[in-house]
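*Asks:* Residue numbers (this note's numbering), protein chains in the order written: chain A, 1 to 119; chain B, 1001 to 1145; chain C, 2001 to 2335.
These are computed hints drawn from the structure, not numbers from a lab. For clarity, every value in this text was computed on a predicted model and none was experimentally measured. Any given hint could turn out to be false.
[Said to hold, decoys possible] Capping the alpha-carbon separation at 20 angstroms, the derived lysine to any residue pairs in SDA-like fashion look like this:
| id | chain 1 | residue 1 | chain 2 | residue 2 |
| --- | --- | --- | --- | --- |
| 1 | C | K2252 | C | A2300 |
| 2 | C | K2011 | C | L2120 |
| 3 | A | K115 | C | P2043 |
| 4 | B | K1008 | C | E2322 |
| 5 | B | K1106 | C | N2088 |
| 6 | B | K1005 | C | D2193 |
| 7 | B | K1106 | A | G97 |
[What the hints assert, rightly or not] Partner residues are not named here, just some residues of chain B that face chain C (Cβ under 8 angstroms, in silico):
| id | residue |
| --- | --- |
| 8 | V1021 |
| 9 | Q1050 |
| 10 | A1096 |
[Unchecked claim] Taking CB as the label site, the calculated pair distances span:
| id | chain 1 | residue 1 | chain 2 | residue 2 | range |
| --- | --- | --- | --- | --- | --- |
| 11 | C | F2040 | A | L23 | 37 to 45 angstroms |
| 12 | B | A1007 | A | K76 | 19 to 27 angstroms |
| 13 | A | A95 | C | P2103 | 55 to 63 angstroms |
| 14 | A | A95 | C | D2268 | 44 to 52 angstroms |
| 15 | C | G2048 | B | L1137 | 55 to 63 angstroms |
| 16 | B | G1143 | A | A95 | 38 to 46 angstroms |
| 17 | A | T92 | C | L2318 | 31 to 39 angstroms |
We put the beta carbon where it would ideally sit given N, CA and C, even for glycine.
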Amino acid sequence: MTLFWAFIIGGLICVIGQLLIDLTKLTPARILVIFVVAGCFLSGIGVYQHIVDFAGAGALVPLPGFGHVLAQGTKKAVNERGLLGVVTGGFTAMAGGVTVAVVVGYLIAMVSKPKGDAR
Amino acid sequence: MDKQKYAKLVKESSPGSNVAVNCLRAFFVGGTICLMGQIFKNALLAANMQQDDASLVTAMILIVIAVLFTGVGLYSKLGSFAGAGSVVPITGFANAITAPAIEFKKEGLVMGVGAKMFLVAGPVLVYGTMASVIVGLFYYFLGGR
Amino acid sequence: MKKYVGNQTVKFASPPSITAAAAIVGPKEGEGPLRNCFDFISPDVHFGMDSWEKAESEMVRQTVHLAVKKSGIPIEEIRYMFAGDLLNQIAGSTFGMRSFGRPFFGLFGACSAIGEGMALGAMLLDGGFANHVAVNASSHYCSAEKTFRLPLELGTQRAPTAGWTVTGSGAVVLSAEGNGPYVTAATTGAITDMGITDANNMGAAMAPAAAAVLAAHFKDMQRTPGYYDAIITGDLGKIGTTLLHTLMDEEKFSIHDRHNDCGLLMYDCEAQDVHAGGSGCGCAASVFAAHLLEELRSGAIKRLLFIPTGALHSVATLQQGESMPAIAHAVAVEV
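Same shape as in the complex, but just chain A (with noise of 0.2 angstroms):
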């Protein structure tokens, strides 16, 4: 069943930004900030959990999950560190996905070169 959510919830987080690209003009970049801001405070406030405990991947794997995970981390090393965990927790939260970004995508740009398909 959560696949199923995760495939529904997925989508419609997709169609909210594309209807904000096709109605407001806002442009990519813009609506990425957008959805990270937002799932962050959406989960400092406890809602973004309950969407994630409902659609799981559906919830965690569009832009604003990534800004779940950054308040959730940030809480957690509220909790172990004080004040410090302020500073400390979001850049820790999302470590893992930016390293991993950075370094697969260094190494493939290294061996790719750009297509200009556009044909």
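Got chain A sorted already, so can you dock chains B and C onto it with the hints?
*Replies:* Chains B and C alone, transformed into the frame defined by chain A:
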């Protein structure tokens, strides 16, 4: 013709996006990427991995796939079909890091690849970090610890 | 002797002749309706080079070389060369032209470059300052996307109002004397800004500039649109074309029946998924060199009014929220 009148004329003459079709495509592609994520996560959980670790490894797998797709030129094709469907998932973030790294390789490894890698992803990290600090502050001072 | 008429037009006393022209394009343009008109269709968008900037420069070099070769004029006798493109510091043109060793004027008029160059070149010739000049304008889809938009491999959708930058270069050789077709008049446009800020709708930003220069041309020359067999704008695309027709109707110079746009001639807009149509300096330049000039030579068109259009914004001005100023130049070419 004054500017207001011309702006109105431009609006009438410019076709809008086909919102319904775009949304349908975004829904199916975005949903499928999330479905793949859930399948990976279920497999990792079945292999006795912890909940949080399974989520992280799932994200990593999706990121690696997206980077490879970008490298062979398929992610841009997927993007022109799916729109937000391939921008909003974490795979879009991986694409946003890899695409400028490839494009600006000619400008050198430091100011080209190194600096431009975060052309689109940088703002996400900046505002994500800011938001996490705000959440952290609220949680520290007002939160339910 | 006075050669200027009206407010902003030059009427040549001894109209310079277009001696030769050449057009080189990329593979996508080579699949369009004009595929049989170009001198060379590169199967490779890289033009054998390892960066987009070098690819554009190489395309420029080949086009100018070919046009001069076709003219039969030794390159040492080309008195001046003009070229323009879209890259920062018009790098595509300067790097493409550096090997020729001839006096050079760099042009920036965005996609109006070919009109700007032809007007200036014709003035030099009619003024007796030169015997032969060469003019080139170019654009490359990949270098333009990199300069103005986002990396090519980024997966985003294009707006339905957006144009498609032509990978192409067009060069013409003008001579003081020759068998035509002749450049008989040129109207230089003023910068026109109607407050359009959407960079994905450049046709809308440029249409008022085209309308303004057209109206000025007709008034200065005391002509009506009916004088010309064809009125061809540079790269307004579908939306810009519709807007231009409306604006010209308001000016009481209706042009529907004889107007077309190089951006619409270049591609089969539906089949080639180019949305609003072709754009870029190379669009008007290569369509003129490959197609319009042949129509003049064959007699299919006897009097042509050619109006390349350009949007004059930069990435910085757009990000600062400024609107897009635009320009257009009208060049009359007659058999």
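*Asks:* None of the hints should be skipped; say for each whether it holds.
*Replies:* Structure-based check of each hint:
1. C/K2252 to C/A2300: 27 angstroms, violated
2. C/K2011 to C/L2120: Between C/K2011 and C/L2120 the Cα gap is close to 12 angstroms, so the pair holds against 20 angstroms.
3. A/K115 to C/P2043: 13 angstroms, holds
4. B/K1008 to C/E2322: 19 angstroms, holds
5. B/K1106 to C/N2088: 16 angstroms, holds
6. B/K1005 to C/D2193: 14 angstroms, holds
7. B/K1106 to A/G97: Since the Cα atoms of B/K1106 and A/G97 sit roughly 26 angstroms apart, the hinted pair is violated (cutoff 20 angstroms).
8. V1021: The hint is violated - B/V1021 has no Cβ within 8 angstroms of chain C, the shortest such distance being about 11 angstroms.
9. Q1050: 32 angstroms, violated
10. A1096: 6 angstroms, holds
11. C/F2040 to A/L23: 37 to 45 angstroms: 44 angstroms, holds
12. B/A1007 to A/K76: 19 to 27 angstroms: 50 angstroms, violated
13. A/A95 to C/P2103: 55 to 63 angstroms: 59 angstroms, holds
14. A/A95 to C/D2268: 44 to 52 angstroms: 50 angstroms, holds
15. C/G2048 to B/L1137: 55 to 63 angstroms: Given a distance of about 57 angstroms, which is inside 55 to 63 angstroms, the answer is holds.
16. B/G1143 to A/A95: 38 to 46 angstroms: Since the Cβ atoms of B/G1143 and A/A95 sit about 23 angstroms apart, the hinted range of 38 to 46 angstroms is violated.
17. A/T92 to C/L2318: 31 to 39 angstroms: 37 angstroms, holds
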